[in-house]
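Engineer: Sequence:
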Amino acid sequence: MSDHDSPTDTPGPKAHELARFYLDTLEDVMDPKEYSDLRALIFTLIEAMSEPIDPADPDPERRLDIDMTPAVHDEWLTIMGILGSGRMDQTIIEVGDSSRTVVVSETAADPQALAAYCAQVRERNRIREEERAILKGIDAGSI
6 MSDHDSPTDT PGPKAHELAR FYLDTLEDVM DPKEYSDLRA LIFTLIEAMS EPIDPADPDP
66 ERRLDIDMTP AVHDEWLTIM GILGSGRMDQ TIIEVGDSSR TVVVSETAAD PQALAAYCAQ
126 VRERNRIREE ERAILKGIDA GSI
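Its first residue numbered 6, the sequence shown is counted upward by one per residue in my numbering.
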């Protein structure tokens with residue numbers, strides 16, 4: 006409960022309910038193939054999160070048979086933003102390293118906060134790319 010809630014307030018919808026509502030509304034406005042691809046992404050994530058990690062798990066480099074169009078990518082970002090924040094007021098932003106992410110409306114409207122957030126995301130992306138390069142080198146050396 007936040008400082009602004011009272012014990013008699015009716016709780017709002019949970020993040021997963023908001024994401025489901027958003028996904029349901031997309032069915033009427035998205036291209037059917039893109040909508041199907043988006044659902045495949047979401048339900049693959051849910052399935053992966055609901056099972057324990059096991060040595061027999063599929064290779065994390067496994068590819069889904071989907072076309073990650075800009076529309077699918079943007080709606081995926083929006084749904085992940087809803088799930089992460091429990092809010093539906095998401096804005097997709099360009100990070101500055103050819104990647105995009107999603108932020109809540111307050112962050113998008115605050116230039117300083119947005120610049121700081123983008124810098125953090127760029128740094129995190131840089132570190133991930135370095136780690137991927139190291140792992141690919143290790144993998145290539147073990148053949």
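It should be emphasised that the hints constitute simulated quantities derived from the structure, not laboratory data. A portion of the hints provided could be inaccurate.
As the list claims (entries may be wrong) - Ranges of calculated distance between the beta carbons of each label pair, as one might list FRET restraints:
id : residue 1 : residue 2 : range
1  : Asp36     : Ala124    : 33 to 39 Å
2  : Ser147    : Glu111    : 43 to 49 Å
3  : Pro18     : Phe48     : 15 to 21 Å
4  : Glu52     : Glu111    : 17 to 23 Å
5  : Asp70     : Pro18     : 18 to 24 Å
6  : Pro18     : Gly142    : 34 to 40 Å
7  : Arg25     : Pro116    : 18 to 24 Å
8  : Arg137    : Leu50     : 26 to 32 Å
9  : Asp33     : Ile143    : 43 to 49 Å
Note that beta-carbon positions come from the ideal geometry of N, C-alpha and C, so glycine has one too.
Engineer: Compare the structure with each hint and give your call.
Structural biologist: Now the hints, each set against the structure:
no., hint, result
1, Asp36 / Ala124: 33 to 39 Å, "holds, 35 Å"
2, Ser147 / Glu111: 43 to 49 Å, "holds, 47 Å"
3, Pro18 / Phe48: 15 to 21 Å, "holds, 20 Å"
4, Glu52 / Glu111: 17 to 23 Å, "violated, 33 Å"
5, Asp70 / Pro18: 18 to 24 Å, "violated, 32 Å"
6, Pro18 / Gly142: 34 to 40 Å, "violated, 46 Å"
7, Arg25 / Pro116: 18 to 24 Å, "violated, 33 Å"
8, Arg137 / Leu50: 26 to 32 Å, "violated, 20 Å"
9, Asp33 / Ile143: 43 to 49 Å, "holds, 47 Å"
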